[in-house]
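K.L.:
Sequence:
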Amino acid sequence: MASRYVTGDAETRRNLRELARYVSTPATAAARKALRPMLAAAKQNAKESDDTGALRSSLTIKKQSKSSKLHPRFRVGPDAGHQKAGRRPVKYAHIVNYGKVNRDGSVTPGTRFMDRAFEAEAQGTVDRFGKELGPAIEKHAAKLGAKSRK
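For the sequence shown, my numbering gives the first residue as 4, with consecutive numbering after it.
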């Protein structure tokens, strides 16, 4: 008679967590490499509305704080700690991107520099990530193998 219960779920979860230790590093490297063209496009687009260069130089690829090893999340945007010429772009980047309504009711349109970069590079980023992940895992595995032989 067949068993009425499925076993092995705890062991499977343990094994997946163990696997995440080995895959998270190459996944992070592949994601960062895949996002570089999007970052370059955002910097190029920001050049149009950035007189001091502070916004453009603050743009970076950053791992989000709510990111985990199993579910890494990255964003392209201004670095919170960056300051140039007395300006902190993280405080006004959203206004440059989306625009604002002034006190007199007039509207200052945004440049959509981030939106345009995302639209131009979104599919390419996914494709690059898929192509980079395998080689990144192989490189990391070789590095771990060399380390264990020492």
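Each hint should be verified, as a subset may be incorrect.
Simulated crosslink set (DMTMM-like; lysine to aspartate or glutamate; CA at most 20 Å straight-line) [unchecked claim]:
{"#": "1", "residue 1": "K66", "residue 2": "D54"}
{"#": "2", "residue 1": "K50", "residue 2": "D118"}
{"#": "3", "residue 1": "K146", "residue 2": "E21"}
{"#": "4", "residue 1": "K94", "residue 2": "E51"}
{"#": "5", "residue 1": "K36", "residue 2": "D107"}
{"#": "6", "residue 1": "K72", "residue 2": "E21"}
{"#": "7", "residue 1": "K36", "residue 2": "E141"}
{"#": "8", "residue 1": "K103", "residue 2": "E21"}
{"#": "9", "residue 1": "K66", "residue 2": "E135"}
{"#": "10", "residue 1": "K72", "residue 2": "E135"}
{"#": "11", "residue 1": "K65", "residue 2": "D118"}
{"#": "12", "residue 1": "K94", "residue 2": "D118"}
{"#": "13", "residue 1": "K46", "residue 2": "D118"}
{"#": "14", "residue 1": "K46", "residue 2": "E122"}
{"#": "15", "residue 1": "K65", "residue 2": "D82"}
{"#": "16", "residue 1": "K72", "residue 2": "E141"}
{"#": "17", "residue 1": "K146", "residue 2": "D130"}
{"#": "18", "residue 1": "K72", "residue 2": "E14"}
{"#": "19", "residue 1": "K36", "residue 2": "E122"}
{"#": "20", "residue 1": "K103", "residue 2": "E141"}
Source of the hints: derived by calculation from the structure; they are not laboratory data.
K.L.:
Does the structure keep K72 and E21 at a Cα separation of 20 Å or less?
P.N.:
Roughly 11 Å separates the two Cα atoms, so the pair holds.
K.L.:
Given the hint that K65 pairs with D118, test it: the Cα-Cα distance must not exceed 20 Å.
P.N.:
Holds, because 17 Å separates the two Cα atoms, which is no more than 20 Å.
K.L.:
Hey, K36 versus E122, does the alpha-carbon distance stay inside 20 Å?
P.N.:
Judged against 20 Å, a Cα distance of about 18 Å means the pair holds.
K.L.:
Would the hint linking K103 and E141 be met if the CA-CA limit is 20 Å?
P.N.:
violated, 48 Å
K.L.:
Would the hint linking K36 and D107 be met if the CA-CA limit is 20 Å?
P.N.:
With Cα atoms ~44 Å apart, K36 and D107 exceed 20 Å; violated.
K.L.:
Hey, K94 versus D118, does the alpha-carbon distance stay inside 20 Å?
P.N.:
Given pair K94, D118 holds - Cα atoms ~18 Å apart, limit 20 Å.
K.L.:
CA of K65 to CA of D82, is that 20 Å or under?
P.N.:
Holds, at roughly 8 Å.
K.L.:
For the pair we were handed, K146 and D130, check the Cα-Cα distance against 20 Å.
P.N.:
violated, 25 Å
K.L.:
K103 and E21 were given as a pair; does the straight-line alpha-carbon distance stay at or below 20 Å?
P.N.:
At roughly 48 Å apart (the allowed maximum being 20 Å), E21 and K103 break the hint.
K.L.:
Is it true that the CA of K66 sits at most 20 Å from the CA of E135?
P.N.:
holds, 18 Å
K.L.:
Has the given pair, K50 with D118, been kept, meaning a C-alpha gap of at most 20 Å?
P.N.:
holds, 14 Å
K.L.:
Is the hinted pair K72 and E14 satisfied, with a Cα-Cα distance of at most 20 Å?
P.N.:
Given that 20 Å is the threshold and the Cα spacing comes to 18 Å, the pair holds.
Checked against the numbered hints listed earlier, the structure breaks hints 1, 5, 8, 17, 20; every other hint is satisfied.
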